Every structure is written in C-alpha cells, then in structure tokens.
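Same order as they appear, the protein sequences are chains A and B. Residue 205 in the UniProt record's numbering is what sits at position 205 of the first sequence, and the numbering runs on without skipping anything. Residue 8 in the UniProt record's numbering is what sits at position 8 of the second sequence, and the numbering runs on without skipping anything.
A few of these clues could be false.
[What the hints assert, rightly or not] One-sided excerpt, in silico: chain A residues whose CB lies under 8 Å from chain B: (1) F13; (2) G14; (3) S18; (4) S57; (5) V58; (6) W61; (7) F71.
Because the hints were derived from the structure by calculation, they are not lab data. As the structure is a computational prediction, the values presented were derived from the model and not from experiment. All C-beta atoms, glycine included, are put in the ideal place defined by N, C-alpha and C.
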Amino acid sequence: MMVRQNFLIAVLFGMILSGLIYLNNIQCSCNQQITEQGFKLLYNQPSVLVGRTDVASVSPWSAPIIWEGNFDSTLIDSIYKQQNLTIATTVFALGKYTRFVKDFLESAEQHYFVGFRVHYYLFTDQPESVPEVKMGENRSLTVQKVPSLNRWQDISMSRMEKLENLIENELVSKADYIFCLDIDTKFYGRWGAETLGRLVGVIHPWFFDAPRSQFTYERRPESKAYIPAEEGDYYYAGAAFGGSLEDVHHLTKTCREQLNIDAANSIEAVWQEESHLNKYFLLNKPSKLLSPEYMWRDINEKAAQIKIVRFTNVPKNYAEVRPNP
Amino acid sequence: MASDLSVCHLGLLHILMKVNFYLFFLALTGFSLTGHSVLRVTKDTKPNSEMMKFLQNANTLLLVVAVVSLTGLIFLGYSSTSLRYKEKRFCLNLTKEHQENSNLQSPQGLSYKQPSVVGPDGKVVPVTPWLSPIVWEGTFDPLLIDSIYRQQNITIATTVFALGKYTQFLKDFLESAEQNYFVGFRVHYYLFTDQPEQVPEVKLGEERQLTVLKVPSSNRWQEITLRRMEKLEKLIESRLVNEADYVFSLDVDTKFYGRWGAESLGRLIGVIHPGYYQTAREQFPYERRPESQAFIPYAEGDYYYGGAVIGGLVKDVYEAAKTCREQLDIDAAKSIEAAWQEESHLNKYFLYNKPSKVLSPEYLWQDFKPHTNEVKIIRFSQVIKNYAAVRPNP
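Full structure from sequences and hints, please.
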C-alpha cells in the first residue's frame with residue numbers, strides 16, 4: 001500500500017516534470033541583430049562622392065543617404081506628422097560644457113524637428129547652470145543630474161551607459177525615436193523627419209572623402225572596437241546617432257559592454273565610444289545615413305558637396321573647456 | 001504609438017514559473033515524505049498522538065501547497081505558452097517586418113514638384129523624394145545585399161496568372177526565373193491557371209517549389225487581370241501568412257534576362273513602368289474620371305507604376321491587394337472600369353501609400369522597346385506577342 005502510494009506519487013511527479021521541461025523549452029529568441037559575424041565579408045569600399053549624381057544617395061545596402069536636394073520636405077513632413085511621434089533627444093553638458101546649452105537649445109527650437117513633439121533630456125552635473133530657454137509648443141526639457149568626471153574621455157564614454165539606462169527606465173512607451181547629440185554644437189538649418197529611421201548614423205565631416213584605410217578606426221586587435229584596414233563602409237561621427245528606441249537601446253548596450261571589456265583589459269579605443277560606434281555600424285548597417293550636412297566641421301568652413309550646413313561643431317578652445325588635456 | 005520593448009520581456013513570467021515549479025517539487029517531496037512517515041508511525045506500536053497530529057497536519061498542508069502550486073504552474077504554463085506563441089509570432093514578425101521602416105502614408109491633395117527619374121545631367125536618380133531607394137544597377141552591392149538577406153532565412157512567394165492561351169508563356173518564365181530570380185533563396189511559385197494540364201514540366205532548383213491553383217476561365221482579358229487582386233488577397237489570407245515572408249505578384253507574359261535578387265526586397269515595392277519614366281505627370285495614363293475610385297487629378301502623381309509587378313512583405317501586399325480589390329468592386333458596382341484596370345487602382349494606392357522601395361524600369365521592360373541610355377541592364381521584360389492571338393477578346 002505504501003509502495004503503491006509512493007510509486008503513484010513518483011509517476012505523477014515524473015509526468016508533470018516532463019511536461020514542465022517541455023514548456024520551458026519553447027524559447028523565443030528575439031535576435032534581430034548581428035553582433036558578430038561568423039565570417040569576414042570583403043567588398044569594394046563604397047564611395048560618398050562618386051555615384052550616379054554628384055554624391056551617392058544610397059549606400060550599397062540600399063540605405064538612403066540624406067543630402068539636400070534628394071528629399072522633399074513638405075512630403076516627408078506630411079507623411080511623418082500623421083504618425084503622432086515623439087522624438088527624444090539627449091545631450092550631455094558636464095563641467096564647462098554647460099556654456100553650450102543655450103545656443104544648442106535656442107537653435108534647436110528654430111530648426112530641429114519643428115512642428116513635432118520633442119523631449120530633450122539634458123544630462124549635467126550642474127543643474128543650476130541650465131539656462132532658461134523658451135520652448136515651442138509640444139516641446140519639453142528634462143534635466144538629469146549626473147556625477148562629475150575628471151576626464152573628458154570618461155565623460156564621453158559614459159554616455160553609452162546613461163543612454164542605455166534612460167531608454168530602459170524612462171523612454172519605453174514615451175518616445176518613438178531617439179537622437180543622441182553632442183552639446184558643443186549649433187543648428188543652422190533644417191533637421192527634420194527625413195532623418196527618421198530604424199537606425200541612423202551620420203557620416204563624419206572630416207572623412208567623407210577619405211579611403212577606408214585612412215579612417216581613424218581602432219586598429220589594435222586587442223580592442224573590441226578593432227576594424228582591420230581592408231574593412232569599413234564609412235567613418236561615422238560619434239556626435240550624432242539615433243533611431244528607434246529598440247535599435248538604439250541595442251546599440252548603446254553593445255557599445256557599453258564592449259567599452260567595459262576594453263576597460264577591463266586596460267585599453268581605451270583611439271576615439272573612445274566613437275570607435276565602438278563605428279564597429280557597431282559596420283556589423284549592424286544603419287537603415288539611413290545622414291550626410292555631413294548633419295554634422296559639419298564649422299559654420300565658416302566650406303566644401304563643394306555641402307550645399308547647406310544644418311548642424312555643426314562650434315569653435316572652442318579645447319584646452320580651456322576640457323577638464324583634462 | 002511608442003515601441004513595444006516590453007513584449008519581448010517575458011522574464012517576470014519565467015521567474016514566476018520557475019519559483020512555482022520548485023515550490024511544487026518541494027511540496028510534493030515533503031508530502032510524500034510526511035505521508036510516508038504517517039503511515040510508518042501508524043503501523044508502529046504506540047502512535048504518539050502529538051507527533052501523529054503534527055505529521056498529519058504537515059501532510060495535509062504540503063498536499064494543499066502542492067495542489068495550489070500545481071494549479072499555478074498549469075495556469076502560468078498555459079499563459080506563457082500562448083504569450084510565447086504570440087511573442088514568437090510577434091518576434092518573427094518583428095525580425096522581418098521590423099527590418100523595414102514604418103509605412104509611408106501621405107494625404108490626398110498635397111501639392112509638390114513631380115519627382116524626376118532621370119536628372120538634368122542625364123544621370124538616374126537613386127532615391128525618391130520620400131527617401132525610398134530606387135534600385136538601379138550600380139546603386140547596390142549584390143554580394144553585400146545577398147549576405148544580409150541570406151541570414152534571415154526568408155521565403156519569397158511568387159504568384160503568376162496563366163489563363164487561356166497565356167499558359168504558353170509559362171515555360172520561358174519559369175526557366176528564366178530559375179536562372180535569375182532570387183537565386184539561392186527559398187522561392188515558392190503559386191501558379192493560377194484554368195488549365196492545370198497545360199503547366200509544363202520545369203526543373204526547379206533546390207529550395208524552390210511550385211503549387212498549381214485551378215481557377216475558372218474567363219472570356220474577357222480585362223476580367224482576368226482584375227480578378228488577380230482578389231485571388232492574391234485570398235491566397236495571402238489562406239496560405240501566405242503562414243508560408244512566406246515576402247510576396248511578389250508578377251505578370252506571366254514575361255521573361256528574366258538578368259539578376260532579380262534581394263535588392264528588390266522591402267516593405268512595399270512598386271516598379272516604374274518602362275514607358276513613362278520620362279513623362280510629365282499630367283500625361284500619365286492614370287484614371288482621370290472622378291467617378292472612379294482610381295481617379296488621380298492632373299496635379300498629382302509621383303511615378304507611373306507598372307501593374308505587372310507588386311511586391312513586399314506579405315501583410316503590406318495584402319493591404320494593397322485588399323484595398324485595390326475593394327475599389328475595383330465599388331467601380332464595378334457603378335459599371336465603371338478604370339483605364340488600365342487594376343494597374344490604375346494600384347497607381348492610386350501607391351500615390352497615397354508610398355512604396356518603401358521602387359524598382360527602376362530595369363525590373364520591368366518591354367521586349368519591343370529599344371534600349372535607352374539610362375537602362376543599362378534589362379532584368380525582366382514583357383515578351384513580344386500578338387495580342388490578337390493570345391487574348392480571349394479584343
């Protein structure tokens with residue numbers, strides 16, 4: 001009687017156990033991204049300048065490259081305004097960089113996603129020095145206090161982790177797209193819905209006409225940001241990137257992880273998180289590329305292909321504004 | 001409106017399930033142990049009533065806990081599998097669909113300059129004014145594109161209609177497709193015909209298959225072409241949602257002469273009609289009677305798209321086919337047939353639901369047309385035919 005009872009219990013237990021194991025094994029892996037390719041793909045370097053018109057308007061993987069003249073603003077606005085979008089926009093202003101906030105915000109209110117709902121997230125170690133800037137309708141600003149850092153390189157690199165956390169904790173269900181911009185900049189022309197896409201990178205203004213071997217990628221194989229000399233599509237600027245929340249979350253998470261691995265190996269990539277961003281974009285092609293109109297060298301500098309400067313670095317004395325050389 | 005990051009996080013549910021599972025396991029073990037002891041004690045000489053009571057209570061308690069956690073497990077297991085199934089489908093959809101950007105609806109009556117296909121310097125324009133790529137030879141890298149899409153393990157459904165004498169075009173269509181169309185990808189042809197016995201034997205490559213679907217004959221070629229939208233809609237509903245990721249609907253009186261590959265994949269694909277890529281929009285053969293649902297006023301229009309090619313993600317092509325079919329039915333009820341049948345309705349659809357990618361006339365040529373400077377390679381072209389000979393009616 002005892003044996004039978006125990007036996008029955010054991011059988012019942014066994015059945016349920018196997019059922020549960022079966023249920024547990026139906027996994028869903030939402031793996032949309034390619035983080036490490038198992039093979040090396042070699043192909044000709046794409047060119048920004050030589051194409052079917054005076055500049056290339058599509059990348060070799062058919063992502064549009066946005067230049068003045070290849071999109072119609074009215075049409076684009078009308079398509080995207082119907083979608084009732086919110087665009088989160090992050091900037092980091094630590095130490096002396098708070099002096100750039102006023103011009104950034106004021107010029108953004110003139111040129112950046114005018115007519116759309118924009119929510120700025122300003123990370124700073126001195127919330128009291130954030131200037132009062134009049135915001136348009138449907139525009140808002142949130143100030144987030146962060147600890148000070150002694151090295152500008154650390155300030156730059158820590159952005160990835162802060163962005164990752166911001167998306168996870170705050171932005172889910174509050175924004176559709178996010179752009180992460182440098183603060184020592186200013187808008188001079190339209191930056192609008194033509195820039196929206198799943199994963200958006202900006203072509204660096206100093207390298208758009210350089211061969212890939214001269215791109216300032218990280219070249220030491222020990223770093224996770226390493227890109228060999230015969231690989232690379234474009235050199236992307238770390239000063240501006242964006243896309244859908246999910247894709248930017250994956251980007252920032254991956255870059256943050258790679259940065260940590262490098263730090264554990266006591267290696268700092270040649271251009272900090274910009275090097276890691278370039279590695280990410282090599283393996284996870286952006287769905288849209290912005291021409292250097294969207295991140296230019298200086299308002300007074302000219303180039304034949306740049307018909308309009310929309311967003312540019314402002315001149316500064318690096319020795320003066322940076323906390324360290 | 002905002003993105004659904006939460007859908008892919010079933011973490012909490014998994015944790016609950018695991019906790020419940022271990023609880024159940026422990027409770028059951030405890031139950032059997034205490035039950036064991038109770039019976040042992042009962043068998044013994046003098047039952048210690050306090051010990052006995054304790055054991056019996058513990059036994060009952062553990063039984064209750066085991067039953068409750070079992071119920072919880074069953075419930076969580078059920079909801080997690082159904083959520084997982086939804087998540088799996090959503091995730092799978094996310095993988096394919098989310099590779100493509102959001103849809104591009106634009107309002108009626110918006111006025112803007114007609115986009116040009118050939119620029120003032122004679123060079124082709126590789127992007128539309130709403131930033132969809134226009135696929136021309138030289139604007140994409142086939143090796144790179146193939147390697148991106150091959151990783152996605154996709155199936156491309158391809159529908160053709162061969163009724164009446166049009167079955168004569170099947171052999172060349174299929175043979176040339178096997179040489180040029182999505183080579184190296186999984187392709188499933190769906191062939192609609194009124195004479196299944198006329199379908200030729202064509203050797204298909206690995207991972208390629210053909211399904212023949214019998215449909216009723218018709219006396220009017222206009223009728224045959226109109227009904228395609230409805231058949232496409234029904235095929236997607238009944239089969240393609242489960243069987244394919246992308247679908248292309250192609251004319252059968254055609255042949256492939258060059259590569260047609262993954263560069264043509266996207267959310268919603270239209271092809272620029274070879275006869276009108278340098279025509280002013282006022283001269284496009286749109287339906288111009290306001291009574292028709294396919295009506296487009298003279299001041300509007302981007303390109304004239306060929307009805308011979310529609311493609312995209314299964315669900316987006318479904319929307320297009322469904323809308324066109326509805327509009328066609330409304331027109332039929334009013335006894336009005338659009339100038340170019342379903343091509344007119346398709347053009348209306350594409351005007352207000354911009355394609356996410358546009359194929360250049362390389363992807364739809366006409367054999368009788370002489371080559372032009374811009375079209376450097378002919379990939380897919382309508383063969384020369386004697387209309388009087390092949391059509392059931394004039």
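Each hint tested on the structure:
1. Interface restraint check for F13(A): the shortest CB-CB distance to chain B comes to about 6 Å, inside 8 Å, so the restraint holds.
2. The interface hint given for G14(A) is broken, as the beta carbon of that residue sits about 11 Å from the closest beta carbon of chain B, more than 8 Å.
3. Checking S18(A) against chain B by beta carbon gives a least distance of about 12 Å; that is not within 8 Å, so the hint is violated.
4. This hint holds: S57(A) has a C-beta 4 Å from the nearest C-beta of chain B, less than the 8 Å allowed.
5. Taken as an interface hint, V58(A) checks out: its beta carbon lies about 5 Å from the nearest beta carbon of chain B, inside 8 Å.
6. Interface restraint check: W61(A) against chain B, minimum CB-CB distance 6 Å, threshold 8 Å, status holds.
7. Annotation: F71(A) was flagged as interfacial toward chain B, and the flag holds, the nearest CB pair being 5 Å apart, inside 8 Å.
Of the hints listed earlier, those the structure fails to meet are numbers 2, 3, in rising order.
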